[in-house]
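Chains as they are written, first to last, in our numbering: chain A, 1 to 152; chain B, 1 to 152; chain C, 1 to 410; chain D, 1 to 410.
Any given hint might turn out to be false.
To be verified - Here are the computed lysine-lysine pairs in the DSSO-like style, where the Cα-Cα straight-line distance is at most 30 Å:
| id | chain 1 | residue 1 | chain 2 | residue 2 |
| --- | --- | --- | --- | --- |
| 1 | B | Lys81 | B | Lys115 |
| 2 | B | Lys127 | D | Lys183 |
| 3 | A | Lys127 | C | Lys10 |
| 4 | A | Lys58 | A | Lys127 |
To be verified - Taking CB as the label site, the calculated pair distances span:
| id | chain 1 | residue 1 | chain 2 | residue 2 | range |
| --- | --- | --- | --- | --- | --- |
| 5 | C | Glu78 | D | Gly296 | 41 to 49 Å |
| 6 | C | Glu317 | B | Glu24 | 18 to 26 Å |
| 7 | D | Ser84 | B | Ala108 | 14 to 22 Å |
| 8 | C | Arg17 | D | Asp149 | 30 to 38 Å |
| 9 | B | Ala108 | C | Gly113 | 23 to 31 Å |
| 10 | A | Ala112 | C | Trp143 | 54 to 62 Å |
| 11 | C | Asp162 | B | Val50 | 34 to 42 Å |
| 12 | C | Gly138 | D | Asp64 | 42 to 50 Å |
| 13 | C | Asp210 | B | Pro27 | 56 to 64 Å |
| 14 | D | Pro83 | C | Glu317 | 40 to 48 Å |
In short, the hints are calculated from the structure, not lab data.
All residues carry an ideal CB built from backbone N, CA and C; glycine is no exception.
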Amino acid sequence: MPGLEDLYREIILDHYRTPRNRGELAPPAVRAEGHNPLCGDEIQVYLDVVDGVVNDIKVAGQGCSISQSSASMMSQAVKGKGLAEVRALVRRFRGMMSVEDAEDEITAAETAAVKLGDLEALQGVVKFPVRIKCATLAWNTLLLAMSELPAA
Amino acid sequence: MPGLEDLYREIILDHYRTPRNRGELAPPAVRAEGHNPLCGDEIQVYLDVVDGVVNDIKVAGQGCSISQSSASMMSQAVKGKGLAEVRALVRRFRGMMSVEDAEDEITAAETAAVKLGDLEALQGVVKFPVRIKCATLAWNTLLLAMSELPAA
Amino acid sequence: MSFDAATVRKDFPILDRTLDGRPIVYLDSANTSQKPRQVIDAMTQFMENSYAPINRSAYKLAADATELFEGARRKVGEFINAPSADEVVFTKNATESLNLVASSWGRANLHAGDVVVLTHMEHHANIVPWHMLVAERGIRLRWVPLTADGQLDLTDLATLLDGAKVFSFTAMSNVLGTITPVKLLCEAAHAAGAITIVDACQYVPHNVTDVQTWGADFVAFSSHKMCGPSGVGALWARAALLDAMPPFLGGGNMIADVRLDGFTCAPVPAKFEAGTPPIVEVVGMGAAVDYLTALGMANVRRHEMDLADYAINTLTERYGDDITIHGPTNIEVRGATLSFAFRGIHPHDLSQVLDQHNVCVRAGHHCAKPLMRLLGANATARASFYIYNDESDADSLADALEGASDIFGL
Amino acid sequence: MSFDAATVRKDFPILDRTLDGRPIVYLDSANTSQKPRQVIDAMTQFMENSYAPINRSAYKLAADATELFEGARRKVGEFINAPSADEVVFTKNATESLNLVASSWGRANLHAGDVVVLTHMEHHANIVPWHMLVAERGIRLRWVPLTADGQLDLTDLATLLDGAKVFSFTAMSNVLGTITPVKLLCEAAHAAGAITIVDACQYVPHNVTDVQTWGADFVAFSSHKMCGPSGVGALWARAALLDAMPPFLGGGNMIADVRLDGFTCAPVPAKFEAGTPPIVEVVGMGAAVDYLTALGMANVRRHEMDLADYAINTLTERYGDDITIHGPTNIEVRGATLSFAFRGIHPHDLSQVLDQHNVCVRAGHHCAKPLMRLLGANATARASFYIYNDESDADSLADALEGASDIFGL
Ligand SMILES: Cc1ncc(COP(=O)(O)O)c(C=O)c1O
Ligand SMILES: Cc1ncc(COP(=O)(O)O)c(C=O)c1O
Numbered sequence: 001m002p003g004l005e006d007l008y009r010e011i012i013l014d015h016y017r018t019p020r021n022r023g024e025l026a027p028p029a030v031r032a033e034g035h036n037p038l039c040g041d042e043i044q045v046y047l048d049v050v051d052g053v054v055n056d057i058k059v060a061g062q063g064c065s066i067s068q069s070s071a072s073m074m075s076q077a078v079k080g081k082g083l084a085e086v087r088a089l090v091r092r093f094r095g096m097m098s099v100e101d102a103e104d105e106i107t108a109a110e111t112a113a114v115k116l117g118d119l120e121a122l123q124g125v126v127k128f129p130v131r132i133k134c135a136t137l138a139w140n141t142l143l144l145a146m147s148e149l150p151a152a
Numbered sequence: 001m002p003g004l005e006d007l008y009r010e011i012i013l014d015h016y017r018t019p020r021n022r023g024e025l026a027p028p029a030v031r032a033e034g035h036n037p038l039c040g041d042e043i044q045v046y047l048d049v050v051d052g053v054v055n056d057i058k059v060a061g062q063g064c065s066i067s068q069s070s071a072s073m074m075s076q077a078v079k080g081k082g083l084a085e086v087r088a089l090v091r092r093f094r095g096m097m098s099v100e101d102a103e104d105e106i107t108a109a110e111t112a113a114v115k116l117g118d119l120e121a122l123q124g125v126v127k128f129p130v131r132i133k134c135a136t137l138a139w140n141t142l143l144l145a146m147s148e149l150p151a152a
Numbered sequence: 001m002s003f004d005a006a007t008v009r010k011d012f013p014i015l016d017r018t019l020d021g022r023p024i025v026y027l028d029s030a031n032t033s034q035k036p037r038q039v040i041d042a043m044t045q046f047m048e049n050s051y052a053p054i055n056r057s058a059y060k061l062a063a064d065a066t067e068l069f070e071g072a073r074r075k076v077g078e079f080i081n082a083p084s085a086d087e088v089v090f091t092k093n094a095t096e097s098l099n100l101v102a103s104s105w106g107r108a109n110l111h112a113g114d115v116v117v118l119t120h121m122e123h124h125a126n127i128v129p130w131h132m133l134v135a136e137r138g139i140r141l142r143w144v145p146l147t148a149d150g151q152l153d154l155t156d157l158a159t160l161l162d163g164a165k166v167f168s169f170t171a172m173s174n175v176l177g178t179i180t181p182v183k184l185l186c187e188a189a190h191a192a193g194a195i196t197i198v199d200a201c202q203y204v205p206h207n208v209t210d211v212q213t214w215g216a217d218f219v220a221f222s223s224h225k226m227c228g229p230s231g232v233g234a235l236w237a238r239a240a241l242l243d244a245m246p247p248f249l250g251g252g253n254m255i256a257d258v259r260l261d262g263f264t265c266a267p268v269p270a271k272f273e274a275g276t277p278p279i280v281e282v283v284g285m286g287a288a289v290d291y292l293t294a295l296g297m298a299n300v301r302r303h304e305m306d307l308a309d310y311a312i313n314t315l316t317e318r319y320g321d322d323i324t325i326h327g328p329t330n331i332e333v334r335g336a337t338l339s340f341a342f343r344g345i346h347p348h349d350l351s352q353v354l355d356q357h358n359v360c361v362r363a364g365h366h367c368a369k370p371l372m373r374l375l376g377a378n379a380t381a382r383a384s385f386y387i388y389n390d391e392s393d394a395d396s397l398a399d400a401l402e403g404a405s406d407i408f409g410l
Numbered sequence: 001m002s003f004d005a006a007t008v009r010k011d012f013p014i015l016d017r018t019l020d021g022r023p024i025v026y027l028d029s030a031n032t033s034q035k036p037r038q039v040i041d042a043m044t045q046f047m048e049n050s051y052a053p054i055n056r057s058a059y060k061l062a063a064d065a066t067e068l069f070e071g072a073r074r075k076v077g078e079f080i081n082a083p084s085a086d087e088v089v090f091t092k093n094a095t096e097s098l099n100l101v102a103s104s105w106g107r108a109n110l111h112a113g114d115v116v117v118l119t120h121m122e123h124h125a126n127i128v129p130w131h132m133l134v135a136e137r138g139i140r141l142r143w144v145p146l147t148a149d150g151q152l153d154l155t156d157l158a159t160l161l162d163g164a165k166v167f168s169f170t171a172m173s174n175v176l177g178t179i180t181p182v183k184l185l186c187e188a189a190h191a192a193g194a195i196t197i198v199d200a201c202q203y204v205p206h207n208v209t210d211v212q213t214w215g216a217d218f219v220a221f222s223s224h225k226m227c228g229p230s231g232v233g234a235l236w237a238r239a240a241l242l243d244a245m246p247p248f249l250g251g252g253n254m255i256a257d258v259r260l261d262g263f264t265c266a267p268v269p270a271k272f273e274a275g276t277p278p279i280v281e282v283v284g285m286g287a288a289v290d291y292l293t294a295l296g297m298a299n300v301r302r303h304e305m306d307l308a309d310y311a312i313n314t315l316t317e318r319y320g321d322d323i324t325i326h327g328p329t330n331i332e333v334r335g336a337t338l339s340f341a342f343r344g345i346h347p348h349d350l351s352q353v354l355d356q357h358n359v360c361v362r363a364g365h366h367c368a369k370p371l372m373r374l375l376g377a378n379a380t381a382r383a384s385f386y387i388y389n390d391e392s393d394a395d396s397l398a399d400a401l402e403g404a405s406d407i408f409g410l
């Protein structure tokens, strides 16, 4: 049986205690809201994209250590990145969480090339299938926010 | 286990083969329709009441030996009777079929006093619970017809 | 794999039983099927070892139960070749599946004057929900008629479908045994711009089912007719349709958020699964799918074709004009469900007499009263065969009929 | 009769099991309860010996199965002191029961501007169906607020009920454990001319239920929370109300007649039981009622009061201000369902830590998001006790909490 140490790595708890990029952004930043129907977690992602690059991102809401730390790490990871790169990252992260995405224009090679960095710490979540939805909540909400960006 | 001879008494088969009072009556006779949702049997009872007495009654429809013979015997039994007597008879018959009726103005003594005559032959039906609905179909439809009589 | 009904039969404890010292000849599987040991055990073991809430709690026991439950969804999806397990919605029975479509898709898409096409051989479950929309919405119904041998008469199909929004039809008649040309019917409906709803309640238990080859939009069926538990059924539909539909029942599990002033829905399939689902029953349905898959649905179909052939021949050879078997004579387009009339004896009386020999057949309108009226009867007797039946059961039926006419002196 | 949880526990096979070498401390019965051997056996035996269609076929096997099925209806009716078993409608769960009322009674009786009164502690199952009618019909909702200790605040009840058509409320909160004064609420509603719908999902499993003393109009509950199988629930209602209501789902069993141009309904309860019912599950629910009746519901209530008392005292003595238990402190008006907050640890994380000790509690919004928002949380941890729990389970919970704060360094 996987132990709690697989789940609650120090870096996760650090992001949980000291979340990065918390707050809100005013329009024209887009806002998306996500719910984890299982535990009631709610998250709001504010995304400010300028010229196809994530200029700023903020995260608000309430949640457990996994969903909050995942959101915090995500915000760090995507800030300053181009949208294509962000998409590949989301795909890579969801892949690590064993969520299968349908084939699309992002190739497997592109996805595999993405560096996860700190996010690797969330790897242990896969052993606790119920918590996968906690870990992916911020990411799914990010996708939602991206889908609401005005067409370039 | 009860045998078929309990169910298919000779007098029942006689009424089935040669049903009495089959046909229809024109208005002002009232018409009521009954369905046995189990087997699809359908019955129509035409009831002509003059001065509180069953002047004429006819039965139409399709059904199994039990529902048809019960209808035939019923038509014979009620023809010429006053409505109060008919009600007591219905109650008595339903009682024999182990259908419990709520208390009403007809006393237990009145009900017990009713003679069933040939209808006693249907007694065996109680041992075949599924067929009780066949035996009572005509009687329930008679009640329906009576409830549609113009108030005296 | 070769298929041996005698071996299969051993898996069904109830068929080992005797009643009044005689074995049970169960010929009412079109009504509901018996349950193999494998399904009973799966349910028992789940309740004894693994029972827990689904999709709600986070502890191991609940996580494992959820995995078993969702595993059953995948099995059911694969059994009908659904593109994705998430397109499988669990309901309480096929009736609820069909009501779900009529109520949710119907109320969102059908308005006064819109046409829904049904057939004359539909089960009440595929008639009454539409009658309710006739009353509520003023939609109109058109009916595909039948040929003399109980197949769909497709002569005027294009005309009937012209301008229709929905074509809802059975894949196999529960009265006549007729198998309908589902793929062709779906193509015709789509060509006319109508969506298709397939009542596959009698088809899935007896045939290889492939919803993608059919090209259907909605497919409804029940667990209890396919060796699975009572209390659960399924609706398959294209994801895009389910996504666009309003919810059906409201409550827990089907929401993303609830506030004092409104709610938002969870993604499918949760959106259509309000409240605590039939947890044990879904797991049992998964076990039933495993059981049937191991037998091989092509083998099942072949077995039933042989059996239907044998039964029809035996009965007609023995009773000639005294027996009328409804539905197609061509075994290729019928299942092993035989409705029949015998020597003018009312089916209810007939079934009573057969029951003296523990031969269990259904007598009645089979929840298809419009079809009954067309057959000119208000009831038929119906013997329906399944995997655990063999030629001896057909013989028992034939033997038991012998005594029937004596009693009624007809 | 004296009540001994240790003896009761022996009836539940799953509680005999160990996970990773340790016993299971099941504290999630408000979510769904475990099943005693007696219920599992009743279902198994029914499937092995007596399974057959209900109310459709005439042979002995079917007649006997029908008798067992209808016998279960009588048992369920007696268990809640229904005037007649025919007033008991079997559904798939309490959620369907509540949807049935909102959809069938609601669509027939509620129009734009009509008022339905709910409370702030309702389960989504008693909120979302009404939201759906708000959207479809333009009815209006009013909400009975709560007191600081989680009881209904009845100060303005008369005003809230003024002009209302429906008052629909829970008899016991699944989050706070609060037992509401059902009789008084029914009287107030009737005085205002409103009908009453009681969500008794959390009440029936834990208390003596008497729908006649309550004076309620509709009462909904689920089998799976009262030691019975999943896949079945019940709706009790006054016969006159059921008689007057339009049908809910359309299909087999609920009809008197079906023609090409319309249909007529069967009498209740069949009118509301479309399609093949959860046959085995209804029989199992009857066995659960027998089981609980033998224990004595007054004993069950007394046991749970003692246990709630013990658990609350143990937790507060041990953790003082580090733990906040929601809901009433007065044991007379609460059940043994304890929602709590602990040292600022998110309930989801808390439940994960408790799970390391096989202590099964639910973490989440408990399908009561509006209430959660009022509590200022988006989730709580909830430990809910039942007949098979005893003081040792409360101790296990208290012990397991010990380790929780270490991990989070809070
Ligand atoms: C063709 C057909 N459709 C629908 C149904 C309804 O299925 P259920 O009673 O399981 O809801 C049945 C079975 O009764 C059927 O034979
Ligand atoms: C108070 C209350 N009402 C309704 C429900 C819904 O019950 P079910 O999920 O069995 O439909 C529940 C349980 O989830 C509940 O606790």
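So, going through the hints one by one against the coordinates:
no. : hint                            : verdict
1   : Lys81/B - Lys115/B              : holds, 12 Å
2   : Lys127/B - Lys183/D             : violated, 43 Å
3   : Lys127/A - Lys10/C              : violated, 41 Å
4   : Lys58/A - Lys127/A              : holds, 29 Å
5   : Glu78/C - Gly296/D: 41 to 49 Å  : holds, 48 Å
6   : Glu317/C - Glu24/B: 18 to 26 Å  : violated, 42 Å
7   : Ser84/D - Ala108/B: 14 to 22 Å  : holds, 20 Å
8   : Arg17/C - Asp149/D: 30 to 38 Å  : violated, 57 Å
9   : Ala108/B - Gly113/C: 23 to 31 Å : violated, 58 Å
10  : Ala112/A - Trp143/C: 54 to 62 Å : holds, 57 Å
11  : Asp162/C - Val50/B: 34 to 42 Å  : violated, 56 Å
12  : Gly138/C - Asp64/D: 42 to 50 Å  : holds, 45 Å
13  : Asp210/C - Pro27/B: 56 to 64 Å  : holds, 58 Å
14  : Pro83/D - Glu317/C: 40 to 48 Å  : violated, 57 Å
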